[in-house]
Amino acid sequence: MRSALFDQQNQERQTEERWALQSSKMLRCRLVPGAPEIVAAQGAMVAYQGNMDFSYQGSGGGMKMLKKFATGEGGNLMKVRGQGEVFLAREAQDIFLITLEGEALTLNSASMLAYDDSLRSDIRSLGGAGLMSGGLFNYFLEGHGTIAVTSDGPPMLLDCSQQPTFVDPQAAICWSPNLSPSLKNDFKMGSLIGRGSGESFQLGFHGPGFVVVQPSEGRQNQKMLG
Numbered sequence: 001m002r003s004a005l006f007d008q009q010n011q012e013r014q015t016e017e018r019w020a021l022q023s024s025k026m027l028r029c030r031l032v033p034g035a036p037e038i039v040a041a042q043g044a045m046v047a048y049q050g051n052m053d054f055s056y057q058g059s060g061g062g063m064k065m066l067k068k069f070a071t072g073e074g075g076n077l078m079k080v081r082g083q084g085e086v087f088l089a090r091e092a093q094d095i096f097l098i099t100l101e102g103e104a105l106t107l108n109s110a111s112m113l114a115y116d117d118s119l120r121s122d123i124r125s126l127g128g129a130g131l132m133s134g135g136l137f138n139y140f141l142e143g144h145g146t147i148a149v150t151s152d153g154p155p156m157l158l159d160c161s162q163q164p165t166f167v168d169p170q171a172a173i174c175w176s177p178n179l180s181p182s183l184k185n186d187f188k189m190g191s192l193i194g195r196g197s198g199e200s201f202q203l204g205f206h207g208p209g210f211v212v213v214q215p216s217e218g219r220q221n222q223k224m225l226g
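Take the sequence shown: its position 105, counted from the start at 1, is 105 in this note's numbering, and no numbers get skipped.
Hints listed in this document are in silico derivations from the structure and should not be mistaken for laboratory results.
C-beta atoms are modelled at their ideal positions from N, C-alpha and C, and glycine is treated no differently.
One should not assume that every hint holds.
To be verified - Here are the in silico distance ranges between beta carbons for each label pair:
1) Q163 to S3: 48 to 56 Å
2) P215 to S161: 17 to 25 Å
3) E37 to Q14: 18 to 26 Å
4) N185 to P33: 47 to 55 Å
5) S3 to G102: 24 to 32 Å
6) S3 to L183: 50 to 58 Å
7) N185 to G50: 48 to 56 Å
8) E142 to E217: 24 to 32 Å
9) E12 to F54: 35 to 43 Å
10) F6 to A92: 14 to 22 Å
11) S118 to Q163: 33 to 41 Å
12) Q162 to A47: 25 to 33 Å
13) G50 to S3: 39 to 47 Å
14) A20 to S55: 22 to 30 Å
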């Protein structure tokens with residue numbers, strides 16, 4: 001049997017690493033006994049090998065549960081445990097690995113693919129940014145471990161320290177934890193006709209730090225609009 005489908009570049013890449021990219025769009029996570037579990041977005045699993053268990057990640061109690069109930073943010077998570085390899089992907093989007101070594105990071109939940117359960121996690125408010133801006137809460141991760149994020153196209157890193165930076169909420173992937181984005185409303189009545197120019201709501205960042213954006217408003221968002 002002959003086909004380019006069976007080329008070496010398409011075969012599973014054997015590695016002992018816990019987190020490894022099979023390609024720019026496929027992530028391979030290796031789990032062994034005694035290692036931390038993995039928290040992943042529900043629906044991200046495309047294949048696995050070995051003995052794996054997938055379970056719903058509970059919302060927790062108190063304010064954390066209230067935040068998730070109010071917005072749906074963080075509710076679609078699953079814990080992955082066992083021994084073997086699990087392969088994760090999201091609509092053929094590009095995947096990037098971020099290693100935290102005691103630092104912290106804030107993420108848009110739509111861009112979060114998976115992370116080490118050893119990381120401390122929380123769901124934090126965007127302050128004045130409400131549901132119209134794409135969600136009231138986002139993930140805050142801190143500690144030692146790895147995070148996998150997705151980008152719908154090549155991402156861009158913006159420096160927010162020199163001047164105010166404004167980002168479409170659906171385009172934001174992640175940003176420095178010390179930055180507290182504010183909501184900016186450019187809505188004008190005339191934009192109701194023909195959708196106008198520009199976006200009505202942006203997240204404003206200003207201070208020492210960065211924000212990473214994707215060249216897209218997100219495929220799920222496009223589906224809802226279209």
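Evaluated hints:
1. Q163 to S3: 48 to 56 Å: holds, 52 Å
2. P215 to S161: 17 to 25 Å: holds, 23 Å
3. E37 to Q14: 18 to 26 Å: holds, 23 Å
4. N185 to P33: 47 to 55 Å: Since N185 and P33 have Cβ atoms about 52 Å apart, the given range 47 to 55 Å holds.
5. S3 to G102: 24 to 32 Å: violated, 47 Å
6. S3 to L183: 50 to 58 Å: The hint (50 to 58 Å, Cβ to Cβ) holds, given that S3 and L183 are roughly 52 Å apart.
7. N185 to G50: 48 to 56 Å: At 50 Å between Cβs, range holds.
8. E142 to E217: 24 to 32 Å: Holds: the Cβ-Cβ distance is about 28 Å, inside 24 to 32 Å.
9. E12 to F54: 35 to 43 Å: Given about 20 Å between the Cβ atoms, the range is violated.
10. F6 to A92: 14 to 22 Å: holds, 20 Å
11. S118 to Q163: 33 to 41 Å: With a Cβ separation near 37 Å, S118 and Q163 satisfy 33 to 41 Å, so the hint holds.
12. Q162 to A47: 25 to 33 Å: Once the Cβ atoms are compared, 44 Å apart, the range 25 to 33 Å for A47 and Q162 is violated.
13. G50 to S3: 39 to 47 Å: violated, 27 Å
14. A20 to S55: 22 to 30 Å: The hint (22 to 30 Å, Cβ to Cβ) holds, given that A20 and S55 are roughly 24 Å apart.
When held up to the earlier numbered hints, the structure conflicts with 5, 9, 12, 13 and fits the remainder.
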